[in-house]
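First to last, the sequence lines map onto chains A and B.
So in the numbering used here the end of the first sequence lands on 498, straight run, no missing numbers.
So in the numbering used here the end of the second sequence lands on 111, straight run, no missing numbers.
Keep in mind that a hint or two might mislead.
Stated by the list, open to error - Here are some, though not all, of the chain A residues that point toward chain B, as calculated from beta-carbon distances under 7 Å:
1) Gly430
2) Gly431
3) Leu435
4) Leu438
5) Ser440
6) Ser479
7) Ala481
8) Tyr484
9) Gln485
10) Phe488
11) Lys490
Claimed, not checked - The following residues of chain B were derived to be distant from chain A, with all beta-carbon distances above 12 Å:
12) Asn64
13) Pro70
14) Gly97
15) Gln100
Derived by calculation from the structure, the hints in this document are not laboratory data.
Please read all numbers here as calculations on a predicted model, not as lab measurements.
Quick reminder that beta carbons are idealized off the backbone N, C-alpha and C, glycines included.
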Amino acid sequence: KNEVEQSPQNLTAQEGEFITINCSYSVGISALHWLQQHPGGGIVSLFMLSSGKKKHGRLIATINIQEKHSSLHITASHPRDSAVYICAASGAGSYQLTFGKGTKLSVIP
Amino acid sequence: SQTIHQWPATLVQPVGSPLSLECTVEGTSNPNLYWYRQAAGRGLQLLFYSVGIGQISSEVPQNLSASRPQDRQFILSSKKLLLSDSGFYLCAWGPGYEQYFGPGTRLTVT
């Protein structure tokens, strides 16, 4: 069974800082997901990637398949980025997700 | 465009009472459907998934069950709720490996 580890668990940043959240997984995957969960609980899918790098606005996600590692970067962080960011992995040949425990990000003005 | 609905948004139920949570998807056909639970202070956990009508796979043995009576309808049920069933329940749909989440139902069992 895949295990997904995220770090750090909690992160506090000043507005404008560059932020990195890391995710590692134990076995081969079909896809790696980054999700954002706001205080109300709703979850938004940010990225799904199986190789390389994706960018959307100030968010960048990268994955290194050989090292079983992915990172989520936020450039020029803003208080509205405050949320829990969750990494999740689809096992090889499977649509089911295994989730990390999440990283709680607080961006202070 | 596709949308996913869940109801109710919040629910407070006594221990031992039945449960029915509904999820529907619009704008797509034959989606993969998922039920997840997030217990307080814990990560998301897959409960059930379905790749078609009447096809349900369970990931975690418990007193919950799921059904898919129609292509775009997914129902989570329990005959008798336990305190440990409290949590945030999310439905998701996906074409392939992508997954899109519903707004969730916050269930408190008292």
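For each hint, the structure was consulted:
1. Residue-level restraint check for Gly430(A) holds (minimum Cβ-Cβ distance to chain B is 5 Å; threshold 7 Å).
2. At its closest, the beta carbon of Gly431(A) sits 5 Å from a beta carbon of chain B; the interface hint therefore holds under the 7 Å criterion.
3. Proximity of Leu435(A) to chain B is violated relative to the hint, the smallest CB-CB distance being about 12 Å (cut-off 7 Å).
4. With a cut of 7 Å, the hint placing Leu438(A) at the interface with chain B is violated, because the nearest CB-to-CB distance is about 10 Å.
5. The interface hint given for Ser440(A) is violated, since its Cβ lies 13 Å from the closest Cβ of chain B, which is over the 7 Å cut-off.
6. A cut of 7 Å between beta carbons decides the hint on Ser479(A): the least distance to chain B is about 5 Å, and the hint holds.
7. Checking Ala481(A) against chain B: minimum C-beta separation of about 11 Å lies over 7 Å; hint violated.
8. About 6 Å separates the beta-carbon of Tyr484(A) from the nearest beta-carbon of chain B, less than 7 Å, and the hint is met.
9. Interface hint at Gln485(A): satisfied, since its Cβ lies 6 Å from the closest Cβ of chain B, which is below the 7 Å cut-off.
10. A hinted interface residue such as Phe488(A) counts as satisfied when its beta carbon comes closer than 7 Å to some beta carbon of chain B; here the least separation is about 4 Å, so the hint holds.
11. Of the supplied interface hints, the one on Lys490(A) holds, with its beta-carbon coming within about 5 Å of a beta-carbon of chain B, less than 7 Å.
12. Every Cβ of chain A is farther than 12 Å from the Cβ of Asn64(B); the closest lies at roughly 21 Å, confirming the non-interface assignment.
13. Here Pro70(B) stays apart from chain A, with its beta-carbon at least about 21 Å from theirs, past the 12 Å limit.
14. Here Gly97(B) does not stay apart from chain A, with its beta-carbon only about 7 Å from theirs, under the 12 Å limit.
15. For Gln100(B), the shortest C-beta to C-beta distance to chain A comes to about 6 Å, within the 12 Å cut-off, and the non-interface label is violated.
In this structure, the earlier hints numbered 3, 4, 5, 7, 14 and 15 are contradicted, and the remaining ones agree with it.
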